[in-house]
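*Asks:* What follows is each chain in one-letter form.
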Amino acid sequence: MKMNGANALVQSLVDHGVEIIFGIPGGVMIPIYDALYDRKDIRNMLMRHEQGAAHAADGYARATGKVGVCFATSGPGATNLVTGLATAQMDSIPVLAVTGQCRTTAIGKDSFQEADITGITMPITKHNYLVKDAAQIPRIVAEALYIARTGRPGPVLIDVPMDMSLAEIEYEPVKDVKIRSYSPEREIDDSAIDAAAQLIADAERPVLYAGGGVIASGASDELLALSEKTHILVTTTLLGKGAIPETHPHSLGMLGMHGTAYANHAVHNCDLLIAVGARFDDRVTGKLAAFARKARVIHIDIDPAEIGKTVPADVAIIGDCKEILRRLVSKVQPRSETDWNKQIMKWRNEFPLVCPMDEERLLPQCVIAKIWEMTRGDVILVTDVGQHQMFTALHYKVTKPRRFLSSGGLGTMGYGLPAAIGAQVGCPNETVVAICGDGGFQMTVQELAPAVEHKLPIKICLMNNKYLGMVRQWQELFWNNRYSGVDISVQPDFVKLAEAYGAVGLRVTKMSEIEPAFGKALEVNDRPTIIDFVIHREENVFPMIPAGQSIEEMMVNRPK
Amino acid sequence: MRKPMQHTITVLVENKPGVLARVSGLFARRGFNIESLAVSITDDPTISRMTIVVTGDDSVLDQINKQTNKLIDVIKVIDYSEVPIVERELAMIKVAAEPARRAEIMQIVDIFQAKIIDISETTFTIEVTGSTEKVDAIERLLAPFGIREVVRTGKIAMARGATTAIDQVNSG
Ligand SMILES: Cc1ncc(C[n+]2csc(CCOP(=O)(O)OP(=O)(O)O)c2C)c(N)n1
Ligand SMILES: [Mg+2]
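Chains A and B are the protein sequences, given in the same order. Our numbering numbers the first residue of the first sequence as 30 and each following residue consecutively. Our numbering numbers the first residue of the second sequence as 23 and each following residue consecutively.
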């Protein structure tokens, strides 16, 4: 069939099952937006900033497991995507970005709204394309989607010059993708599985350490099966939350800088660390020389480059976590509970996660705990970045994979609201709760408009401390209380702001108001609700292992 | 082995625009040190070949191999540290050549089986091929005469024997 490049692009997306795009048009994107105009099988959700579009695509991808797609125009539209693409790259999230570009004849001449977006995004995408022959559009779209979702997933960008959108081509759907220089499928080495099973049999104090790779590969059932067969307890990274139900007695919660004390003690003292789909990030390891130094390491990951990148592995198993764990479960000897399990239980009792009882002040961890009580993990929980994110990671028990969405690797403030939009669009029947800080929320607050427009009943819980709280915490603890550049007490009235956008606005100032307010928010089903939780301004996240240090320096409380 | 060493790697890539930027950008942002880089097309016009000399210890080299392999347009990374190879580099050296000293220079050129490819009233331009060490050596010997300009291609390398890099692509 004959059609122009723009129509071929949209048709290719539809052929590959894409139903929604998050984006904003511009001059060179008009042909592509025009191609969307009459279609019923794919729709554009008009965002208010391209960063929001990229995060929405990312949230959609994390919640559904499908590739999230975003569109932006050339120049400033494309550069506005950068933060969102970098966020997706750091967390290995499958996102496809399509950007407009000036005509091929104008490229390289500093033309109006020209930006070298393939050059700019080279380090923050898994791959990118500049279309130079419109006939290649169906193949490029097929390849881009394939690259984004296979192997270690990641963002891919296609830059489409205006004349490529307009050129007539003969459209042939591309079904099979074969790229000679890219083969994500790999044979799993069974001898490595045997070696791992042996290390597990020999270990006295093993711990499982699960990351986002378990979620990406859908390996939660296998992980739980391994843990149950061997009675090895599981700690997860921030991105691994939900890999094992955190209500399960084998869950130790999150490890690392703001991990639970018992998870960190377990990892510090273990003699075997089994890393599954995790990459030994510095927020996890702290001081490398002191990290799990008594342990042998089994490292399971789909990306060979992660093996030995920071921590050497005694046994490495490369491939899809799900299949590796399946084989490992059948190979390992069952183990029963040991003194090691009891020891970890002792740490659990010694350093419990508690919410201080405080009727006077509204404490963020108590707000999160209350929300947990009222929802029991039966929501998609999205966070922004800061103290509230860590309070949520510590106090909200996630029970299923793809039900906790947070920007981990890049730590992007402003992620929360747009990612929640993507998640709600992808999972219309789920309750979506976004926990945001007052700082980060204001970075992408404009996305309230599409949320209202599309009647998305997202529950936005603002942990309002009128501070860039996480930075203030560091300044308090390590910089002698010199609160430089963190006071954001000049801010809008968030209840009125909600109402101005056509959302519901509520305010909570004491403990007793949490339940009625959140209960009310749960009943709203045709628009977002913002609850402005006016929390104690100077609450700190504990436990905390200061950056680059070891568990010996862990603080479980505010130093006196 | 933890000691930083020089390694020669060959990277076969899709012959497409921007691929050099992808590879060199990766090296720059991951802090890998490139000593030299030579790029050319191959007998297969869809494939380009890069010969990269890098320094680093074993773990750095391991990361270089793996991270480079992850680039979608990279077809194959071949580490020549462990196999016997032939390697060559070409240099052109413009050296001051006062009439009185020309014989001396020509003797050096002879010994190195180099060639004088251009001559002016005051200079010789010398072409030399060989191992990096050989090129270094002639450069050192010519230095006292006054080197005006040097250009080197960077090393290119091939495995000894009948196997080819492209064979290795097909064998996975
Ligand atoms: C885009 C961006 N800018 C700056 C930072 C650095 N940063 C990390 S946490 C934080 C404070 C966040 O404040 P807020 O959103 O109010 O959350 P709180 O920590 O108070 O819960 C800042 C500024 C960041 N992570 N992202
Ligand atoms: Mg704040």
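Quick caveat, the hints were computed from the structure, so don't treat them as lab data. All C-beta atoms, glycine included, are put in the ideal place defined by N, C-alpha and C. Warning: the hint list may mix true and false statements.
Claimed, not checked - When the alpha-carbon atoms are kept at most 25 Å apart in a straight line, the in silico BS3-like pairs for lysine-lysine are as follows:
hint, chain 1, residue 1, chain 2, residue 2
1, B, K92, A, K338
2, A, K95, B, K156
3, A, K258, A, K161
4, B, K156, A, K207
5, B, K25, A, K316
6, B, K156, B, K25
7, A, K351, B, K92
8, A, K484, A, K549
9, A, K360, A, K399
10, A, K204, A, K95
11, A, K258, A, K426
12, A, K207, B, K88
13, A, K161, B, K25
14, B, K88, A, K338
15, B, K38, A, K138
16, A, K399, A, K323
17, A, K204, B, K38
18, A, K204, B, K92
19, A, K338, B, K25
20, B, K38, B, K92
21, A, K161, B, K38
22, A, K351, A, K375
23, A, K161, A, K204
24, B, K88, A, K351
25, A, K161, A, K31
26, B, K92, A, K207
27, A, K539, A, K426
28, B, K156, B, K137
What the hints assert, rightly or not - Away from chain A, derived, C-beta distances all over 12 Å, residues of chain B:
hint, residue
29, L48
30, L112
31, I169
32, T186
*Asks:* It remains to establish, for every hint, whether it holds in the given structure.
*Replies:* These are the hints, each one checked on the structure:
no., hint, verdict
1, B:K92 x A:K338, "holds, 14 Å"
2, A:K95 x B:K156, "violated, 56 Å"
3, A:K258 x A:K161, "violated, 54 Å"
4, B:K156 x A:K207, "violated, 44 Å"
5, B:K25 x A:K316, "holds, 23 Å"
6, B:K156 x B:K25, "holds, 24 Å"
7, A:K351 x B:K92, "holds, 21 Å"
8, A:K484 x A:K549, "holds, 16 Å"
9, A:K360 x A:K399, "violated, 42 Å"
10, A:K204 x A:K95, "holds, 17 Å"
11, A:K258 x A:K426, "holds, 23 Å"
12, A:K207 x B:K88, "holds, 21 Å"
13, A:K161 x B:K25, "violated, 45 Å"
14, B:K88 x A:K338, "holds, 10 Å"
15, B:K38 x A:K138, "holds, 21 Å"
16, A:K399 x A:K323, "violated, 38 Å"
17, A:K204 x B:K38, "holds, 23 Å"
18, A:K204 x B:K92, "holds, 24 Å"
19, A:K338 x B:K25, "holds, 17 Å"
20, B:K38 x B:K92, "holds, 17 Å"
21, A:K161 x B:K38, "holds, 11 Å"
22, A:K351 x A:K375, "violated, 32 Å"
23, A:K161 x A:K204, "holds, 21 Å"
24, B:K88 x A:K351, "holds, 22 Å"
25, A:K161 x A:K31, "holds, 18 Å"
26, B:K92 x A:K207, "holds, 16 Å"
27, A:K539 x A:K426, "holds, 23 Å"
28, B:K156 x B:K137, "holds, 14 Å"
29, L48, "violated, 8 Å"
30, L112, "holds, 29 Å"
31, I169, "holds, 37 Å"
32, T186, "holds, 16 Å"
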